[in-house]
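**Student:** Here is what each chain is made of, one letter per residue.
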Amino acid sequence: MPIDPSFAGRTYPPTEPYEVGVEKIREFAAALGDDNPAYRDRAAAAALGHPDVIAPPTFPFVLTFQASRRLIDDPDLGIDYSRVVHGEQKFAHTRPVRAGDALTVTVTLETVRSAGGHDMITSRSDVATVEGEHVATAWSTLVVRGEG
Amino acid sequence: MAQTYDSAPVFDEIEVGHELPAQTFTIRRADLVRYAGASGDFNVIHWNQRVATSVGLPDVIAHGMFTMALAARVVTDWAVDPGRVQEYGVRFTRPVPVPDDDQGALLEVTGKVAAKLDDGMVRVDLTATHAGAKVLGRAQAVVALG
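Listed in order, the protein sequences are those of chains A and B.
Numbered per the working numbering, the first sequence finishes at 148, counting up by one with no gaps.
Numbered per the working numbering, the second sequence finishes at 294, counting up by one with no gaps.
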């Protein structure tokens, strides 16, 4: 069953705050094999003008991936996750995520389209602090492969 | 060692066509396990060969987001301050199979300044290849330079 395009525009409730810890950022940077001191050392981050250790540009995916379950598990959409492939990903940063941030994610289903028997779903995840400061927006396009 | 803006690229000195230092990354199975843990993406196709091949993949494949993150290194190492990356987007056009050996899979990443934008920003176009084939499409970053 193709996904009904009329669900485009649907917005899900914001996630509970995610508290960004310096050790989580260090763990993520280590997983990338990236020893950039801005990800590890407060003094190094401060020398670049950041109030605390900052996270790599793709780090918001840790939060938005969790938040996207709201959309993937939405019974109205009926997505078969075993058929999902990640097609595209984009980030726009107002500022880098940094240690000490408490962030919520608001997921919006932006577009639904079908082509070649597949559904393409683009979601937008707005990442903001609990104080309401916008930090980043992430767009994910998931391809739901058709059956047969 | 603390870095400063002193070694960072300067907008007025950077021309379109400027090539960023290329990098080659080695992706081994252990790297995928570690990335799965750090990112929270435990999809079995990234660590279980039996499941990966049963759904038609050639082998365990790297997380697209891991490949995307590695490719970003060419930009963040050049920019000195990773916080200067304003936008970063890719298409996942081809998977990177990661064999169960010590050699792993090689990811070669090059980048060059494709456009100078307003407000001291440049657009960097990245090319990421594995085994001679591009694995990312339309890989672009917008970076604020001093």
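Among the hints, erroneous ones may be present.
Chain A regions said to be covered by chain B (calculated; three or more residues, Cβ under 8 angstroms) [unchecked claim]:
#: 1; segment: 33–45
#: 2; segment: 83–93
#: 3; segment: 122–136
EDC-like, lysine to aspartate or glutamate: derived pairs with alpha carbons at most 20 angstroms apart [what the hints assert, rightly or not]:
#: 4; chain 1: A; residue 1: K90; chain 2: B; residue 2: D160
#: 5; chain 1: B; residue 1: K282; chain 2: A; residue 2: E88
#: 6; chain 1: A; residue 1: K90; chain 2: B; residue 2: E235
#: 7; chain 1: A; residue 1: K24; chain 2: B; residue 2: D273
#: 8; chain 1: A; residue 1: K90; chain 2: B; residue 2: E163
Hints were generated in silico from the structure; no laboratory data involved.
Quick caveat, the model's predicted, so the values are computed rather than measured.
Yeah, the Cβ is synthetic: ideal placement off N, Cα and C, and Gly gets one too.
**Student:** Which numbered hints turn out to be false for this structure?
**Tutor:** Result: hints 3, 4, 7, 8 break, sorted rising.
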